[in-house]
Amino acid sequence: MSMDRRKFLKAAGLTTLVGLGGKGLFELLKPGAVEAEMAEEGHGHHEEGEKNAGPKVRLAMLIDVMALNKEKIEKIVHTCHYLHNVPNWGDPKNEIKWIWEDEYEHVFTDSYNEYNHILEGLPFLLMCNHCDNPPCVRVCPVQATFKRPDGIVAQDYHRCIGCRFCMAACPYGSRSFNWLDPRVHLKIEMAEGRKLNKRFPTRMRGVVEKCNFCVERLAEGKQPGCVEAAPDVMFFGNLADPNSNVRKILRERISLRRKLELGTRPSVFYLI
Amino acid sequence: MYDTGKVLIGLLVFAGIFLFPFLYNRGTAAPQPKPSLDTPAIKALPEKKCVEDTHFMITTHMQFLNEWRDQALREGNRWYVNKEGKKIWISLQNTCLKCHSNKKDFCDKCHNYAGVDPYCWDCHYDPNGSKL
Chain U
-16 MSMDRRKFLK
-6 AAGLTTLVGL
4 GGKGLFELLK
14 PGAVEAEMAE
24 EGHGHHEEGE
34 KNAGPKVRLA
44 MLIDVMALNK
54 EKIEKIVHTC
64 HYLHNVPNWG
74 DPKNEIKWIW
84 EDEYEHVFTD
94 SYNEYNHILE
104 GLPFLLMCNH
114 CDNPPCVRVC
124 PVQATFKRPD
134 GIVAQDYHRC
144 IGCRFCMAAC
154 PYGSRSFNWL
164 DPRVHLKIEM
174 AEGRKLNKRF
184 PTRMRGVVEK
194 CNFCVERLAE
204 GKQPGCVEAA
214 PDVMFFGNLA
224 DPNSNVRKIL
234 RERISLRRKL
244 ELGTRPSVFY
254 LI
Chain R
1255 MYDTGKVLIG
1265 LLVFAGIFLF
1275 PFLYNRGTAA
1285 PQPKPSLDTP
1295 AIKALPEKKC
1305 VEDTHFMITT
1315 HMQFLNEWRD
1325 QALREGNRWY
1335 VNKEGKKIWI
1345 SLQNTCLKCH
1355 SNKKDFCDKC
1365 HNYAGVDPYC
1375 WDCHYDPNGS
1385 KL
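Read top to bottom, the protein sequences are chains U and R. Going by the numbering used here, the first residue of the first sequence is number -16, and it counts up by one from there. Going by the numbering used here, the first residue of the second sequence is number 1255, and it counts up by one from there.
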């Protein structure tokens, strides 16, 4: 069978259209079908929690900024880093941090107001925001970081390949990369009297780590380490339950969340 | 055939080099390792039994531990129910090594013999030792 030039050009043109158009062509044939499919597999918008029949559990942390002071911050950071065997490298290049302190100007870069004298100078504790819509999870090529049904953004060190896409994606700088073997520094610190938490592993060189909302303690029915270290500053509970401790506090206090305009829906709240 | 002598010498040299490691190590085979079960926790057990039967543990512990890892970490289910219906807390460092508190004489013995270097120990460690 032979094909004349006219037929060939027609077929080639159509094929090109399908190739270029792809989604658009489907849209022409069956409007709305593609969009619906994409919304189904993506994260539904469950900011309203109980109204939209979202998840039953969404764990959240409230930090009472007004009740924080240097002493408490030190205790919280020390407790967390002890519990998870986080080395204290002491230089910003290799630094690993799960929870740390920063100032208003750096924390709320989106809404910084130099005349906000109430917030100026207050200490803010930063940690992983365990976003409801976590960008780190979207970019991880191996699903080493993933969102659990209870809202915790977990990190699977067995799977992490150290590509650091998640670090680039995280708008909060919550993730640290192990440039060097953390055990090297832990050993140095142990020689100086540091104690290991023998119930928790260390990490290895080449993986990304961050706050895990003490998922290993929650499994044992305990509260997160920071909450235990400063129960008058940190409050942990289920945001999806309108009667939970955190929701009660949120009804009474003014709260701030970081970089809301990005749509990540963070689960860490700063009480003012 | 040309150069028979040279070829034969070459072959002999080759055979010599090839067989040297076999001859050199003849009779010095490392004895099969016997992982030690001599720990206080195991001695105190009424019945010396791991989470599953010994044969299963010896042959399948690698896949088994991988399943434990995924179940605990990714599915968030930290309880394992064994074939007898007993519930066991899933944790390499806090369950396995609680009884097998002698990593050197237990885990490492076979692993060294078999020349395997499981990456478990890059992060997990023996909580009973004082060293990392």
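Honestly, the hints are just simulated from the structure, not real lab data. Check before you lean on any hint, since a few could be wrong.
Claimed, not checked - Subject to a maximum C-alpha distance of 30 Å in a straight line, what follows is the list of computed DSS-like cross-link-like pairs (lysine-lysine):
1. U:Lys170 with R:Lys1302
2. R:Lys1341 with U:Lys205
3. R:Lys1385 with U:Lys178
4. R:Lys1385 with U:Lys58
5. R:Lys1260 with R:Lys1297
6. R:Lys1288 with U:Lys205
7. R:Lys1288 with U:Lys178
8. U:Lys205 with R:Lys1363
9. R:Lys1357 with U:Lys205
10. R:Lys1260 with U:Lys181
11. U:Lys178 with R:Lys1340
12. U:Lys170 with R:Lys1357
13. U:Lys(-10) with U:Lys76
14. R:Lys1352 with R:Lys1340
15. R:Lys1337 with R:Lys1288
16. R:Lys1340 with U:Lys76
17. R:Lys1337 with U:Lys178
18. R:Lys1363 with U:Lys181
19. U:Lys39 with U:Lys76
20. R:Lys1302 with U:Lys39
21. U:Lys39 with U:Lys178
22. R:Lys1341 with U:Lys181
23. R:Lys1385 with U:Lys76
24. R:Lys1352 with U:Lys39
25. R:Lys1358 with U:Lys170
26. U:Lys231 with R:Lys1340
27. U:Lys181 with R:Lys1288
28. R:Lys1340 with U:Lys181
29. R:Lys1363 with R:Lys1288
Hints, one by one, checked against the model:
no. : hint                     : in the structure
1   : U:Lys170 with R:Lys1302  : violated (35 Å)
2   : R:Lys1341 with U:Lys205  : holds (20 Å)
3   : R:Lys1385 with U:Lys178  : holds (11 Å)
4   : R:Lys1385 with U:Lys58   : holds (26 Å)
5   : R:Lys1260 with R:Lys1297 : violated (66 Å)
6   : R:Lys1288 with U:Lys205  : violated (39 Å)
7   : R:Lys1288 with U:Lys178  : violated (33 Å)
8   : U:Lys205 with R:Lys1363  : violated (36 Å)
9   : R:Lys1357 with U:Lys205  : holds (29 Å)
10  : R:Lys1260 with U:Lys181  : violated (66 Å)
11  : U:Lys178 with R:Lys1340  : violated (34 Å)
12  : U:Lys170 with R:Lys1357  : holds (19 Å)
13  : U:Lys(-10) with U:Lys76  : violated (63 Å)
14  : R:Lys1352 with R:Lys1340 : holds (17 Å)
15  : R:Lys1337 with R:Lys1288 : holds (26 Å)
16  : R:Lys1340 with U:Lys76   : violated (48 Å)
17  : R:Lys1337 with U:Lys178  : violated (38 Å)
18  : R:Lys1363 with U:Lys181  : holds (22 Å)
19  : U:Lys39 with U:Lys76     : violated (40 Å)
20  : R:Lys1302 with U:Lys39   : violated (43 Å)
21  : U:Lys39 with U:Lys178    : violated (38 Å)
22  : R:Lys1341 with U:Lys181  : holds (23 Å)
23  : R:Lys1385 with U:Lys76   : holds (26 Å)
24  : R:Lys1352 with U:Lys39   : violated (35 Å)
25  : R:Lys1358 with U:Lys170  : holds (19 Å)
26  : U:Lys231 with R:Lys1340  : violated (40 Å)
27  : U:Lys181 with R:Lys1288  : holds (27 Å)
28  : R:Lys1340 with U:Lys181  : holds (25 Å)
29  : R:Lys1363 with R:Lys1288 : holds (7 Å)
Checked against the numbered hints given earlier, this structure breaks hints 1, 5, 6, 7, 8, 10, 11, 13, 16, 17, 19, 20, 21, 24, 26; the rest are met.
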